[in-house]
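Whenever a hint applies, use it, and build me the whole structure from the sequences.
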Amino acid sequence: MNVLIIGGGKVGYYLACALIEHEHTPTIIELSKTSCEELANALDIPILHGDGTKIEHLKTAKIEQMDSFISVTGKDEDNLISCQLAKNVFHVPKTIARVNNPKNSAIMKQLGIDLLINSTDRIVNLLEQEVDISAIKELASLNMGESTIAEIQIPDAYRLNGISLADLRLPHDYIVISVIRNSRTIIPRGDTKILNGDKILVLSLTDALHDLAEYLKLEL
Numbered sequence: 001m002n003v004l005i006i007g008g009g010k011v012g013y014y015l016a017c018a019l020i021e022h023e024h025t026p027t028i029i030e031l032s033k034t035s036c037e038e039l040a041n042a043l044d045i046p047i048l049h050g051d052g053t054k055i056e057h058l059k060t061a062k063i064e065q066m067d068s069f070i071s072v073t074g075k076d077e078d079n080l081i082s083c084q085l086a087k088n089v090f091h092v093p094k095t096i097a098r099v100n101n102p103k104n105s106a107i108m109k110q111l112g113i114d115l116l117i118n119s120t121d122r123i124v125n126l127l128e129q130e131v132d133i134s135a136i137k138e139l140a141s142l143n144m145g146e147s148t149i150a151e152i153q154i155p156d157a158y159r160l161n162g163i164s165l166a167d168l169r170l171p172h173d174y175i176v177i178s179v180i181r182n183s184r185t186i187i188p189r190g191d192t193k194i195l196n197g198d199k200i201l202v203l204s205l206t207d208a209l210h211d212l213a214e215y216l217k218l219e220l
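Here the working numbering is used: the first residue of the sequence shown is 1, the next is one more, and so on.
Simulated from the structure, these hints should not be mistaken for laboratory data. Glycine residues also receive a C-beta, built at the ideal position from the N, C-alpha and C atoms. Please note: incorrect hints may appear among the correct ones.
Claimed, not checked - Once the Cα atoms are required to be at most 20 Å apart in a straight line, the calculated DMTMM-like pairs of lysine to aspartate or glutamate come out as:
no.	residue 1	residue 2
1	LYS109	GLU146
2	LYS59	ASP78
3	LYS87	ASP51
4	LYS217	GLU151
5	LYS137	GLU151
6	LYS103	GLU138
Unchecked claim - Label-pair ranges, simulated between beta-carbon atoms:
no.	residue 1	residue 2	range
7	ALA157	LYS33	53 to 63 Å
8	GLN153	ASP67	17 to 27 Å
9	LYS10	ARG184	46 to 56 Å
10	THR60	LYS103	53 to 63 Å
If you want it as structure tokens, here you go:
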């Protein structure tokens with residue numbers, strides 16, 4: 001995944017390191033020339049000296065090729081502006097912003113930022129939900145990204161076809177909200193069975209979402 005990061009401070013640096021470790025391809029735009037030099041010495045990725053709120057600098061970073069856009073500067077207004085440009089001008093599929101002041105969360109969400117977060121690890125996890133877990137789709141992020149409602153597509157040849165939720169024994173980090181079968185919604189109970197082709201909605205702690213495929217025995 002190609003990811004453009006705005007802000008090369010500590011958060012941007014550690015985020016880039018985490019993305020590299022997970023085999024993604026980050027690019028950083030940083031306003032401070034000194035910080036750019038330090039980043040260039042530490043990381044073998046494109047580091048651009050520029051302003052992430054300026055269209056011309058975003059173009060220089062090849063924003064049109066980006067799959068995700070993350071603004072993690074220390075100024076919420078800059079994070080908001082840069083994410084709006086990424087979403088509305090360049091149509092980047094996913095925009096994520098660091099929130100420095102929780103009071104700004106509501107307005108930033110109203111103005112179209114996909115995800116608001118203040119944890120580097122959680123940013124990486126949220127990105128990978130769409131990259132590495134193709135059968136698991138995030139529908140909504142709750143409580144500042146701490147929990148997630150996800151939709152899981154059960155394959156047509158599910159190897160646990162017919163297993164009941166009670167026998168599946170999911171950990172307490174997950175709650176099955178509903179099962180959708182042939183366009184009909186089923187309110188689940190312990191004896192509810194999971195069948196080929198079902199869609200199930202699950203409430204999960206975001207940090208635990210990656211392990212859900214393993215617990216469901218999904219071969220992705």
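Hint by hint, here is what the structure shows:
no.	hint	verdict
1	LYS109 to GLU146	holds, 15 Å
2	LYS59 to ASP78	holds, 17 Å
3	LYS87 to ASP51	holds, 17 Å
4	LYS217 to GLU151	holds, 15 Å
5	LYS137 to GLU151	holds, 5 Å
6	LYS103 to GLU138	violated, 25 Å
7	ALA157 to LYS33: 53 to 63 Å	holds, 56 Å
8	GLN153 to ASP67: 17 to 27 Å	holds, 21 Å
9	LYS10 to ARG184: 46 to 56 Å	holds, 50 Å
10	THR60 to LYS103: 53 to 63 Å	violated, 33 Å
In this structure, the earlier hints numbered 6 and 10 are contradicted, and the remaining ones agree with it.
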